[in-house]
Amino acid sequence: MMTFLYFIPNSWLPLLESAFYALIFPGFVAILLLAFFIIWFERKAAARVQMRYGPLWVSKRTGGIIQLLADMIRFSFQEFIVPQGADFIPFVFLPGLLLAFSVLPTVFIPIGPDYSHIFPSSYTLLLAVAFTLVIPVYLVVLGWAADNKFSFIGALREAYLLISYEVPFILAVASAFLLYGTLDLVKIVGIQESTLPGIILNPIAAIVYIIAVIRATGRVPYDIVEADSELVFGPYTEYSSLMFGFVMGVPYIELYSYSLLFSVLFLSGWAPVTGIGFLGGLILPGIVTFVKAVIVMCFLVFLRAVYPRYKLDKAVRAGWSWVFYLALISLLLSAFVSRVLW
Amino acid sequence: MTQEIKTVPFTYEALSQLEMKEGILELQIGPAHAGSGHMRILAWVEGDTVVKVDPDVGFVHRGVEKLSEDRLYIKAIPIVERPSLVDTVNANLGYVIALERLLGLEPPPRAQYIRVITAEISRIMSHLYGIAIYGIFMGSSTVFMWAVADREPFIDLLQELTGARITYSHIIPGGVRWDLPKGFADKVEVALRYLENRMKDYEKVWINNPVVMARSVGVGKLSSQDAIRLGVVGPNLRASGVKYDVRKNDPYAAYADFDFEVPTFKEGDSYSRLLIRVEEIKQSMSIIRQALKRLPEGKVIYEDYYKRMSPLMKEIYDKTGRVKFTLMLTSLSPPKGEAISRVEGGRGEMFYYLVSDGGKNPYRFRLVTPSFRNLPYFTHVMPGHKLADIPVIYGSIDYFPPEADR
Chain A
0 MMTFLYFIPN
10 SWLPLLESAF
20 YALIFPGFVA
30 ILLLAFFIIW
40 FERKAAARVQ
50 MRYGPLWVSK
60 RTGGIIQLLA
70 DMIRFSFQEF
80 IVPQGADFIP
90 FVFLPGLLLA
100 FSVLPTVFIP
110 IGPDYSHIFP
120 SSYTLLLAVA
130 FTLVIPVYLV
140 VLGWAADNKF
150 SFIGALREAY
160 LLISYEVPFI
170 LAVASAFLLY
180 GTLDLVKIVG
190 IQESTLPGII
200 LNPIAAIVYI
210 IAVIRATGRV
220 PYDIVEADSE
230 LVFGPYTEYS
240 SLMFGFVMGV
250 PYIELYSYSL
260 LFSVLFLSGW
270 APVTGIGFLG
280 GLILPGIVTF
290 VKAVIVMCFL
300 VFLRAVYPRY
310 KLDKAVRAGW
320 SWVFYLALIS
330 LLLSAFVSRV
340 LW
Chain B
0 MTQEIKTVPF
10 TYEALSQLEM
20 KEGILELQIG
30 PAHAGSGHMR
40 ILAWVEGDTV
50 VKVDPDVGFV
60 HRGVEKLSED
70 RLYIKAIPIV
80 ERPSLVDTVN
90 ANLGYVIALE
100 RLLGLEPPPR
110 AQYIRVITAE
120 ISRIMSHLYG
130 IAIYGIFMGS
140 STVFMWAVAD
150 REPFIDLLQE
160 LTGARITYSH
170 IIPGGVRWDL
180 PKGFADKVEV
190 ALRYLENRMK
200 DYEKVWINNP
210 VVMARSVGVG
220 KLSSQDAIRL
230 GVVGPNLRAS
240 GVKYDVRKND
250 PYAAYADFDF
260 EVPTFKEGDS
270 YSRLLIRVEE
280 IKQSMSIIRQ
290 ALKRLPEGKV
300 IYEDYYKRMS
310 PLMKEIYDKT
320 GRVKFTLMLT
330 SLSPPKGEAI
340 SRVEGGRGEM
350 FYYLVSDGGK
360 NPYRFRLVTP
370 SFRNLPYFTH
380 VMPGHKLADI
390 PVIYGSIDYF
400 PPEADR
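Chains as they are written, first to last, in numbering that gives the first Met the number 0: chain A, 0 to 341; chain B, 0 to 405.
If you are wondering where the hints come from, they were derived from the structure by calculation, not from laboratory data.
Incorrect hints may appear among the rest.
The calculated EDC-like cross-link candidates involving lysine to aspartate or glutamate, where the alpha carbons are at most 20 angstroms apart (straight line), are [stated by the list, open to error]:
#	chain 1	residue 1	chain 2	residue 2
1	B	K220	A	D227
2	A	K313	B	D47
3	B	K247	B	E296
4	B	K318	B	E159
5	B	K292	B	D404
6	B	K242	B	E260
7	B	K203	B	E188
8	B	K265	B	D225
9	A	K148	B	E25
10	B	K385	A	E192
11	B	K318	B	E337
12	B	K385	A	D183
13	B	K359	B	D155
14	B	K292	B	D249
15	B	K323	B	D185
16	B	K281	B	E195
17	A	K148	B	E159
18	A	K148	B	E296
19	B	K199	B	E278
20	A	K148	B	D303
21	A	K313	B	E45
22	A	K148	B	E21
23	B	K306	B	E337
24	B	K65	B	D404
Remember, it's a predicted structure, so these values are computed and weren't measured experimentally.
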């Protein structure tokens, strides 16, 4: 393993590997690059549908892919304004915390078969889901801290939707657990490799999962929390400068961790590629998992070009009625399929 | 609950009582807000339910009436166009008809037909813009971009005819400023076919979109009796089931010559207000086709004005079809009296009242715009709905603050 790094003592290698995983791939650097790509893709795909060019003039040769960099530079030179009535500490520190918590789930999601020795746990599914579900709570606090009526209403909407869509989400994950009979994501991919991908074994759970992800990450048609024609920018209304960049990036990173989990749970993760060691057991399978997640993300951001925004009360009603029923059916289906298969 | 609030008259005592009530949040939507336009909407919400809405109009008041009274009759034309920038031809037409009634002249039929053609093109553009605003207020940037971009062929047509893209000032007392250029009819046909094809895309992506239906069917209902009682006008009135169109009920220009329907819907909700705009675009296309087919030959300017032109100007007119402004046109002084005119603009009935004291400027000019008359939708229809319905109703009535504020 990592024989090319011969000058490093053997005892450091696990640490180095973890650092690589957290900082470079599929951690921080990959997420940053992916954010560039996905925001560019979202704007470019919508522009294609809408008969526009989309981002173009920042580096015309690459089709404007570094537009986000230009935006971030602009944000960083703006003044950061803290409203007079805002709760200073939550208002200033929550965006960073949100960003951190949106990255955290990726730690628990394996990208390759050899991942279990980096994060040895048989409860990775549970941990990943638990950490993704922390974010909305911070969002509610953030909306309250800004001392703005639109932020406040946005936070309330978040709270309503949070409850109505987390139950189906947890049920979808629970039906995956029921299907595979384990909470260890590495083993879950192993089961899918030997049988069929989860999306074929239990398509209803996959659908419920996707709907809940659209909701949780505020993609259209469920961008009810940020609804610009109603609430300006929902809980993030008062943010400016780099902090605005942070809070704008949070939904995309959330989307990334949800999609990564989806590709592991339902798309059989690194399925065709498997092996041992740093390269064969982590990087190559990791790329496959990553690409699957990116395809899911591209689908989810493309919805912006098709749908208008849904309404809060109808979304909540949907969350407690047909999405919930679908989630229950997916549980039954999982029980049935697992009974038949093993 | 809705009915109770509807009957509460707007008084400041009632308002202060409302503010004192516990659990009511006052929202100031606008004037710098993505969902307000150039106005402030004061909304009081209880939970997620709107209990009272007060549109605070006047933010973009520009004094069109007073400015017009300080100018020569003909120089007021560019000003009356300004309030409704997406529907300038109809605004221009109404003013000129009032002025012609003061002057007591009747433009030649060819000019009347050209007026109808440009007015209907303008109506199509206005309706497309209305659909665009409806789209962006509901969160669909696609429909916004599409509808705004699909105005382009029509803007190009009028640009070829008049040289301007938005404010044409094409209609003048006694006729129009330019005759149709060669091959105009074919270009119009190309643009109309393009829009017909595009309307199919709209139907797929927007009109039959389940989310659009979920958000707008049954939202912002106004019954036909209430619509008449509150005096709303235009497509919104017809969406409530009242068959009233100035083009049919009080025909002006050449509208009496054409065969067209006045589409109505019974429901009176936001969705039918969207559908009626689509239907009216189809009717406008039919009118334009009829007008181009039966376009009479002749002059585009009042015969007497042509006779009084200098030989050079006559030569220019005969060669290029362009009416040069003569001294006689620029210093019109109608006899003492008053005149009214009504036209059916894109957003509804526009009313013009012009008083002359025999001088060179209008003595008094009054302009009532459709957006102003559609304001009751804010005060009477929005209460009782959810907060998220405010932009939907606002977008569906195609309200345009600069037009209301004049």
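task = Report the numbers of all earlier hints that the structure fails to satisfy, in ascending order.
result = Violated: hints 1, 3, 5, 7, 10, 11, 12, 13, 14, 15, 17, 18, 20 and 23.
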